[in-house]
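Asker: Take a look at the letters that make up each chain.
Number of protein chains: 2
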Amino acid sequence: MKENRPISGFSKFSKTQKTDWLIQQLGLDASSADFLADFESKNVAAQKIIEDLSENHLSNFHFPFTVAPNFLVNGQYRVFPFVTEESSVVAALGKAAGFWAKRGGFHVENLGTEKKGQLHFSWKGNPDKLKLHFNELETQLRVDAAPITQKMEKRGGGILSIELKYLPGILPDYYQLDVAFETRDAMGANFINSCLEQFGKSLNHWLSSQADWDAEEREAEIIMAILSNYVPASKVRVWVECPVEKLSENDDPEAACRLAEKFVRAVHISRNDVSRAVTHNKGIFNGVDALALATGNDFRAIEAGGHAFAARNGKYAGLSEAKNENGIFTFSMELSLAVGVVGGVTALHPMARLAMQILENPSATELMQYLAVAGLASNWSAVRALVTTGIQQGHMKMHLSNILNTLNATDEQKAAARLYFEKREVSFSDVEQYLKHDTGR
Amino acid sequence: MKENRPISGFSKFSKTQKTDWLIQQLGLDASSADFLADFESKNVAAQKIIEDLSENHLSNFHFPFTVAPNFLVNGQYRVFPFVTEESSVVAALGKAAGFWAKRGGFHVENLGTEKKGQLHFSWKGNPDKLKLHFNELETQLRVDAAPITQKMEKRGGGILSIELKYLPGILPDYYQLDVAFETRDAMGANFINSCLEQFGKSLNHWLSSQADWDAEEREAEIIMAILSNYVPASKVRVWVECPVEKLSENDDPEAACRLAEKFVRAVHISRNDVSRAVTHNKGIFNGVDALALATGNDFRAIEAGGHAFAARNGKYAGLSEAKNENGIFTFSMELSLAVGVVGGVTALHPMARLAMQILENPSATELMQYLAVAGLASNWSAVRALVTTGIQQGHMKMHLSNILNTLNATDEQKAAARLYFEKREVSFSDVEQYLKHDTGR
Chain A
1 MKENRPISGF
11 SKFSKTQKTD
21 WLIQQLGLDA
31 SSADFLADFE
41 SKNVAAQKII
51 EDLSENHLSN
61 FHFPFTVAPN
71 FLVNGQYRVF
81 PFVTEESSVV
91 AALGKAAGFW
101 AKRGGFHVEN
111 LGTEKKGQLH
121 FSWKGNPDKL
131 KLHFNELETQ
141 LRVDAAPITQ
151 KMEKRGGGIL
161 SIELKYLPGI
171 LPDYYQLDVA
181 FETRDAMGAN
191 FINSCLEQFG
201 KSLNHWLSSQ
211 ADWDAEEREA
221 EIIMAILSNY
231 VPASKVRVWV
241 ECPVEKLSEN
251 DDPEAACRLA
261 EKFVRAVHIS
271 RNDVSRAVTH
281 NKGIFNGVDA
291 LALATGNDFR
301 AIEAGGHAFA
311 ARNGKYAGLS
321 EAKNENGIFT
331 FSMELSLAVG
341 VVGGVTALHP
351 MARLAMQILE
361 NPSATELMQY
371 LAVAGLASNW
381 SAVRALVTTG
391 IQQGHMKMHL
401 SNILNTLNAT
411 DEQKAAARLY
421 FEKREVSFSD
431 VEQYLKHDTG
441 R
Chain B
442 MKENRPISGF
452 SKFSKTQKTD
462 WLIQQLGLDA
472 SSADFLADFE
482 SKNVAAQKII
492 EDLSENHLSN
502 FHFPFTVAPN
512 FLVNGQYRVF
522 PFVTEESSVV
532 AALGKAAGFW
542 AKRGGFHVEN
552 LGTEKKGQLH
562 FSWKGNPDKL
572 KLHFNELETQ
582 LRVDAAPITQ
592 KMEKRGGGIL
602 SIELKYLPGI
612 LPDYYQLDVA
622 FETRDAMGAN
632 FINSCLEQFG
642 KSLNHWLSSQ
652 ADWDAEEREA
662 EIIMAILSNY
672 VPASKVRVWV
682 ECPVEKLSEN
692 DDPEAACRLA
702 EKFVRAVHIS
712 RNDVSRAVTH
722 NKGIFNGVDA
732 LALATGNDFR
742 AIEAGGHAFA
752 ARNGKYAGLS
762 EAKNENGIFT
772 FSMELSLAVG
782 VVGGVTALHP
792 MARLAMQILE
802 NPSATELMQY
812 LAVAGLASNW
822 SAVRALVTTG
832 IQQGHMKMHL
842 SNILNTLNAT
852 DEQKAAARLY
862 FEKREVSFSD
872 VEQYLKHDTG
882 R
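Protein sequence lines, in the order shown, are assigned to chains A and B. 140 is the number that this note's numbering gives to position 140 of the first sequence; each next residue is one higher, with no gaps. Heads up: take any position in the second sequence, counting from 1, add 441, and you land on this note's numbering.
Incorrect hints may have been included.
Covered by chain B, per the in silico footprint, the following chain A stretches (three or more residues, Cβ under 8 Å) [what the hints assert, rightly or not]: (1) 271-277; (2) 305-316; (3) 422-436.
The set of hints was computed from the structure by calculation and includes no laboratory data. Predicted, not measured: the structure shown is a model, and the values here were computed from it. No residue lacks a Cβ here, since even glycine has one placed at the ideal position from N, Cα and C.
Just need the whole structure built from these sequences, with the hints factored in.
Answerer: Put into structure tokens, the structure is as follows:
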């Protein structure tokens, strides 16, 4: 019987104790312990690393680790590694890669890599006084942060600028030090946060040393110091283009023009209708996140920054654009994101390391490019399907596989079911019904 | 030597052929094939399911599968399963659960479960004519969709409403059928898309049967039919509350009041400053996504809908709110999201199924609640850390573990390093330096 009370010290239990408690508390099958063990890696060193990634590790959750070749990016063929639970995403990505490889591939350029963070604080003096002395303060901040920034500067990064912002519209006496950083191949979260926390200490040290200032002026209240995942100045532009009449898969110029024209309208709708924009962008992130997961990058950071970027003009809108101009079809996107390739899970997780090898060990800016390529490729396949056959046809093929597996169909039943449902609507109950009654007739 | 050319038929290769090609094409170590095999599950049936989830499966990518107990939700203690690669997220979630369990726990209520989808089409007739006949059309749409909706209706779901929208501001002659659905315990994507694609066929069938209409009026061009992941009418409200003076961990009313006051200001900033809002919400989704991943739900859909919801008032803002009123501290959030518990990866992935058992097999609305609880819990821990010790202290502890693992430190070295870095800044190079020079002195 489940007890409705808390448990203390759980995180200090051994893995076996945790599993035993779970089984008893929730009345799980006793075999659950063996079941969990079946998902640990046979690679002992790798298993240790995965276990140490998180508190309260019980086992490993498996996602398919896949690749898709034929991503022609700025003239070079790349193989992209993907991790996603969503059926049809990798198939769609692979199809887009192959399609565009025959049409010049993906073009992509970096538009910046600047990241930001803020020290948020309250100060009760006259704002003009702080502004007047800001150069002095900035010098001190940079001096105090030098031990932290030294190594980053050697790698070509560091603090780019420090701006003092007085924002009484948000809170009385509220200020920000709005700081821009370059973090090269690192995601830079720890570096940025360490700098900002140091700035908090330095600010108060500097204020307290202003001997002729009022007592009130000689102290600031630090509210918080934290990097921002909003990175509008860290972004890439990716695009594909080809003559409009080359857009069909089977050399049919008329079909190509129809597709181009409809595709452009569909993308235009996503830029002007929030209901469509959200799902349009979700399709972009299907590709972006699958590559982010494979390379151990933090997809929540990419999602948050990317969607806020999609809302930057006061209305949430689709991220990509499409046009037919002078006989040329162009499909493009600016994607704002920040990722790292040194440190973090990317350098640590054995499978993420292999993913990086598969990508031929890109720099952070190259990885930004590949993520944007994956996003545009995914978007291309989704919109193309939507304006031609509809989304359900492809989805249902994969969905049918999943349903057949859930229902433990034999290989023979699967083959028969695939034939039967080729031209029929797929639903869980229809497949169940089919397996019950229609096979073996 | 890598060949810079495409490969065809890759998806039809066997797994061994794919791996061999990859090793040869990229000059990977020949042991990579064995390495990949080490990450397949020992559970053969489970492995088959995971392989069939995606095209081009090579192996499995492992994330830590963890749990945190002590989530008191509407008076019931729950154990939450989490999947995340980010160190410190699960520790933070567990800490928040324990803290609030002593203060009444999490309160959560559903504010709706309506989902939407749109049929996008062009029609060249007079908009008033279509509006005039819309009731007739709607009846036909519902009749034609009956074979699809039948089963969903038996489960209490179905089509809630169909609205015709004329939107010439977006495109000339552009319309939407904006359709609201209830999908009960299913995420409903396939159901909604099937209904909408049927509506496209039915619309044209109905138009073509209007014998006395002009030829132009008797045909619509279907642009696309697709569900929306923007779900502002599918949402939950979650909150924690306690007397302000009870907010400290060690019964210190003064510290409690300071924390409450600073916490409220920090949350207020996140509602008014986009740079802060993005990272604030990212912290919310750290919790939401960790539970979404564990239960096999599509986190891209949740992210896209959630962030667009955060931008619904024309400015991207933090999702949570905090206040101190009449001596009571309240921290709350409205989260818009749609998830399913039947069908999809949730019902299919063996570990997601276990995660659902750990959650005691919730309904879709209950799972929505838990996801929101995880989001608020994660947000609480992050903001609390930010306004007290700073984020780096906790981060660095986990970060140190990761660095030590990357550097293959022995258990002895790890223990020594943890002591050494207790009051020092942690960076990769400092830890490397320390291991080289300072151990064993």
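Asker: All the hints need checking, so say for each whether the structure fits it.
Answerer: Outcome of the hint check:
no., hint, verdict
1, 271-277, "holds (count 6)"
2, 305-316, "holds (count 9)"
3, 422-436, "holds (count 5)"
Checked against the numbered hints listed earlier, the structure breaks none of them; every hint is satisfied.
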